[in-house]
Amino acid sequence: MEKFGYAQSQKFDTYASRLMPRKEFFTSGHRSCQGCGEALAVRWVCKAIGEDAIIAHATGCMEIVSSGMPQTAWMHPWIHVAFENTSAVASGIEAALKVLSRKGKLKGKMPAVVAMGGDGGTTDIGLQSLSGAMERGHNFTYVCWDNEAYMNTGIQRSSSTPYGAMTTTSPPGKLSIGQHTQKKNMVAIAVAHGIPYVATANPSYLFDLYFKIRKAIETPGPAYIHVLSVCPTGWRSATDLSVRLGRLAVETGVFPLYEVENGRYHLTVEVPKLRPVTDYMKPQGRFRHLRGKELDFIQRHTQAQYELLLDKCGASYPEFPMIPPPEEGQE
Amino acid sequence: MSKPWDQVTWQEIEVGGVLTEPGTARNYNTGDWRSQHPVWTKTRCIKCGICWTVCPEAGISEEPDGYFDMNKYCKGCGICAKECVTGCISMVPEEE
Amino acid sequence: MSAKAHRVGMEVSIAVSHAVQLARAEAIAAYPITPQTHIVEHLSSMVANGDLEAEFVNVESEHSAMSACIGMCAAGARTFTATSSQGLALMNEILFITSAMRLPIVMAVANRALSGPLSIWNDHGDIMAARDIGWIQVFVENGQEAFDHTVMAFKIAEDHRVILPTIINMDGFILTHVVEALEMLDQETVDKFLPDYHPRFYLDPKNPVTMGAFAMPELYTEVKMAHQVALTESYNQILKVWEEWGKITGRNYRPVEHYRTEGAKTLLLMMGSLAQVAEVAVDEMRENGESVGLVKPRLWRPFPFNDLREAVADAELVIVCDRALSLGGAAGPVLAEVRSALYPLAKKPAVIGYTVGLGGRDVQPEAFKEIVRLAQAEAATGPSEEYFLFGVRS
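Residue numbers (our numbering), protein chains in the order written: chain B, 1 to 331; chain W, 1 to 96; chain R, 1 to 394.
You may find that some hints are simply not true.
[What the hints assert, rightly or not] Cross-link-like lysine-lysine pairs, in silico, DSSO-like; alpha carbons within 30 Å at most:
| id | chain 1 | residue 1 | chain 2 | residue 2 |
| --- | --- | --- | --- | --- |
| 1 | B | K23 | W | K3 |
| 2 | B | K215 | R | K206 |
| 3 | W | K3 | B | K282 |
| 4 | R | K348 | B | K105 |
[As the list claims (entries may be wrong)] If you want the ones that stay clear, here's a sample from chain R, every Cβ over 10 Å from chain B, calculated:
| id | residue |
| --- | --- |
| 5 | E11 |
| 6 | C73 |
| 7 | R200 |
| 8 | F214 |
| 9 | A313 |
| 10 | E337 |
| 11 | S394 |
[To be verified] Short, incomplete list of chain B residues facing chain R, as computed with Cβ under 10 Å:
| id | residue |
| --- | --- |
| 12 | D52 |
| 13 | S67 |
| 14 | W74 |
| 15 | H80 |
| 16 | T86 |
| 17 | L97 |
| 18 | P111 |
| 19 | Q156 |
| 20 | I189 |
The hints are simulated quantities; they were obtained by calculation from the structure and are not laboratory data.
This structure is a prediction, so every number in the text was calculated from the model and none was measured.
In this text, a Cβ means the ideal position worked out from N, Cα and C, and glycines have one as well.
The whole structure should be built from the sequences, with the hints applied where relevant.
In structure tokens:
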């Protein structure tokens with residue numbers, strides 16, 4: 001079944017789990033925690049990108065659990081260099097593939113270039129290299145595994161940690177409610193670079209994730225996908241709830257699923273009536289210390305952000321559209 | 001490297017520490033970690049394959065008869081049991 | 001001497017770009033920093049005009065420059081970049097990774113002082129802060145050498161017995177921005193000398209490898225040993241390539257160069273273009289009947305222990321002139337390494353060191369004569385200080 005259809009973004013009327021590609025590109029034997037939502041996401045993204053791809057990966061949970069010498073869980077050609085430079089490494093790979101192809105040295109078709117990094121390696125330390133790569137317009141896809149903290153080093157806060165969350169460097173205490181800033185809007189930053197495709201995704205909505213990755217790979221130029229990665233260890237949730245929590249994140253409006261194609265927003269999973277955010281937050285120990293005042297605020301804030309997003313989806317003009325310039329080269 | 005790590009000599013390491021064989025993580029049995037494992041009640045299973053899709057370990061495999069079962073890598077997280085549409089999977093403690 | 005070489009007068013930076021062009025570099029990622037800029041500007045212009053079939057990526061920092069170079073080289077392209085000073089310092093973490101991953105990237109470093117205070121002028125502080133990065137490193141003293149060693153660097157780096165990134169150090173402004181007469185080779189000669197790049201490993205979906213895996217304590221030492229052996233043994237291949245170049249061009253390079261060292265009791269020792277000034281001083285001192293010579297280490301990493309010991313074997317005093325200062329430590333980096341290299345010998349010369357020319361301060365031949373006088377006085381009584389900073393006004 002792998003041969004038909006799943007390597008091209010055809011639209012299907014029925015999505016059936018058992019018809020998805022069977023070959024594992026992120027093999028068993030990796031050492032993620034039990035119930036790791038990020039590992040589930042990686043497993044499916046690797047299937048979606050297909051065999052003809054090269055992966056550049058940042059330091060982080062997924063890199064560590066998968067690439068301890070002498071073992072590797074990756075079936076793709078894969079390179080890890082450092083924490084903050086994945087996009088730069090990917091830029092280099094993409095540039096080399098272009099020149100090797102022009103010189104006739106590339107055998108077979110041009111592989112897709114995929115850069116992967118956690119929220120820390122993307123929104124914090126990796127922001128510069130990502131911004132550079134997007135601005136230069138390299139033909140690559142960036143996938144951010146957002147487990148909302150520096151989980152690999154022991155659950156420290158990142159700029160992706162949501163308001164009120166407990167982490168070891170934003171602990172609640174007599175003088176603190178935990179993280180006191182809002183999650184950095186990485187999707188908006190990507191959109192502001194005028195790149196052709198940006199999306200949010202979530203392994204709890206598997207087909208949505210799968211086909212968004214396909215679209216990103218097939219879109220020429222930079223593409224950015226922000227993937228919510230439930231982390232039972234860091235979020236202090238039960239290991240069997242990882243898929244359920246991902247769904248609740250969408251159903252409460254905390255992590256809406258949408259695409260931005262050439263600056264035009266639209267939801268890919270519509271939630272006509274949002275559930276209260278406490279449905280999502282209660283099963284997570286990292287929010288346990290929050291009281292009425294904070295929970296109220298989070299509910300109002302989430303509602304307001306969701307409405308803003310709906311506005312953008314209904315907008316009559318695109319944000320930061322890029323009009324392609326004329327062909328280069330003097331005749 | 002088939003030798004135990006702490007016996008590998010410097011000459012046996014590939015140039016640049018490159019791992020030339022993909023997917024060798026499969027040599028590591030993560031099943032040792034689990035304290036519980038999933039059991040399918042086949043009479044209620046509709047062979048939809050959702051359990052197979054939601055396993056972070058690829059720890060569930062399809063049997064020849066189309067049903068699904070855990071393989072040796074299962075870490076016992078319980079996501080499959082939670083997500084099963086018909087509720088035909090229960091988590092059972094490992095015998096000690 | 002090749003009949004197909006032609007003599008040109010050219011700014012040394014531009015000559016380096018031509019060397020990169022002749023070497024058919026395929027991928028360049030660079031970030032501007034004085035005084036390396038002319039090298040990458042000219043390369044950029046070559047690419048824009050189709051004179052060099054390469055991808056030129058304007059990265060957003062030097063850290064990204066070296067990272068992008070890693071990606072380029074790992075994907076199988078012949079890769080080059082250039083930097084100086086703060087740029088070299090910024091990419092520092094990645095430099096160690098480049099060599100550990102055994103990626104044969106060639107980099108020109110236009111040596112410039114490190115901040116603070118900020119200085120755009122020449123000294124060796126930038127590269128001396130990068131001694132342990134595990135790259136092959138050479139120093140050149142004039143435009144011809146800058147051209148020659150840039151071309152040769154690709155051949156040395158990419159050899160399957162070496163596979164190590166290589167740095168060519170050239171003094172910023174003092175060398176990079178001067179116009180010199182030099183012999184440029186033609187494409188055919190360079191093509192014969194330097195074949196296509198054939199990586200040992202590269203990122204290829206048809207043969208997937210994992211690069212950059214992490215190492216537990218049980219493995220780290222062995223991986224570093226492999227790297228250490230590769231770097232120290234690259235010495236053999238480096239000499240072979242230099243020998244081959246000598247046959248093609250008539251210019252024979254040695255790991256440690258000698259200038260009028262026959263019978264010299266006192267030897268000056270330094271690297272880079274400062275040596276050209278010292279040669280003038282040595283000539284004048286020799287004319288005066290003084291027994292003075294000059295030793296010029298060219299190969300810095302792997303350190304040429306035997307060549308150095310041989311070069312100074314008959315001297316009574318070696319005066320190391322560092323263009324860098326190791327604050328709070330053994331004064332000059334070259335001083336420390338020379339002393340260390342000579343320490344195991346039963347019979348060894350006295351070694352005194354002076355740090356000169358920091359931050360681009362001009363050093364005239366007179367200075368070396370003064371340094372010789374001062375050093376001889378210090379040697380007679382035993383050095384009075386741990387460090388000497390020559391020419392400081394106080």
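These are the hints, each one checked on the structure:
Using a Cα cut-off of 30 Å, the hinted pair K23 of chain B and K3 of chain W holds, with the two alpha carbons roughly 28 Å apart. Between K215 of chain B and K206 of chain R the alpha-carbon distance is near 23 Å, which keeps this suggested pair within the 30 Å criterion. Taking the CA atoms of K3 of chain W and K282 of chain B, the gap is near 48 Å; set against the 30 Å cutoff, the hint is violated. Between K348 of chain R and K105 of chain B the alpha-carbon distance is near 54 Å, which puts this suggested pair outside the 30 Å criterion.
The Cβ of E11 of chain R lies farther than 10 Å from every Cβ of chain B, with a closest approach of about 27 Å, so its non-interface assignment holds. At the 10 Å boundary, the C-beta of C73 of chain R falls inside the reach of chain B, the nearest C-beta of that chain being 8 Å off. Listed as outside the interface, R200 of chain R is consistent with that label: its C-beta sits roughly 14 Å from the nearest C-beta of chain B, beyond the 10 Å cut-off. At the 10 Å boundary, the C-beta of F214 of chain R falls inside the reach of chain B, the nearest C-beta of that chain being 6 Å off.
With a closest Cβ-Cβ approach of about 44 Å to chain B, A313 of chain R is found to remain outside the 10 Å limit, as its non-interface label requires. Distance to chain B confirms E337 of chain R as a non-interface residue, since its nearest Cβ pair spans about 28 Å, more than 10 Å. The claim that S394 of chain R lies off the interface holds: its Cβ sits roughly 43 Å from the closest Cβ of chain B, which is beyond the 10 Å cut-off. The beta carbon of D52 of chain B comes within 5 Å of a beta carbon in chain R, closer than 10 Å, and the hint placing it at the interface holds.
The closest approach between the C-beta of S67 of chain B and any C-beta of chain R is roughly 4 Å, which is under the 10 Å cut-off, so the hint is satisfied. Among the interface hints, the one on W74 of chain B holds; its C-beta lies about 6 Å from the nearest C-beta in chain R, closer than the 10 Å criterion. Satisfaction of the interface hint for H80 of chain B is found here, the shortest Cβ-Cβ separation to chain R being roughly 4 Å, below the 10 Å cut-off. Below 10 Å, beta-carbon pairs count as interface contacts, and T86 of chain B has one with chain R at about 8 Å; its hint therefore holds.
Below 10 Å, beta-carbon pairs count as interface contacts, and L97 of chain B has one with chain R at about 6 Å; its hint therefore holds. For P111 of chain B, the suggested interface contact is upheld, since its CB lies about 5 Å from the closest CB of chain R, less than 10 Å. Restraint check, Q156 of chain B versus chain R: the minimum CB separation of about 19 Å is more than 10 Å; hint violated. Checking I189 of chain B against chain R: minimum C-beta separation of about 15 Å lies over 10 Å; hint violated.
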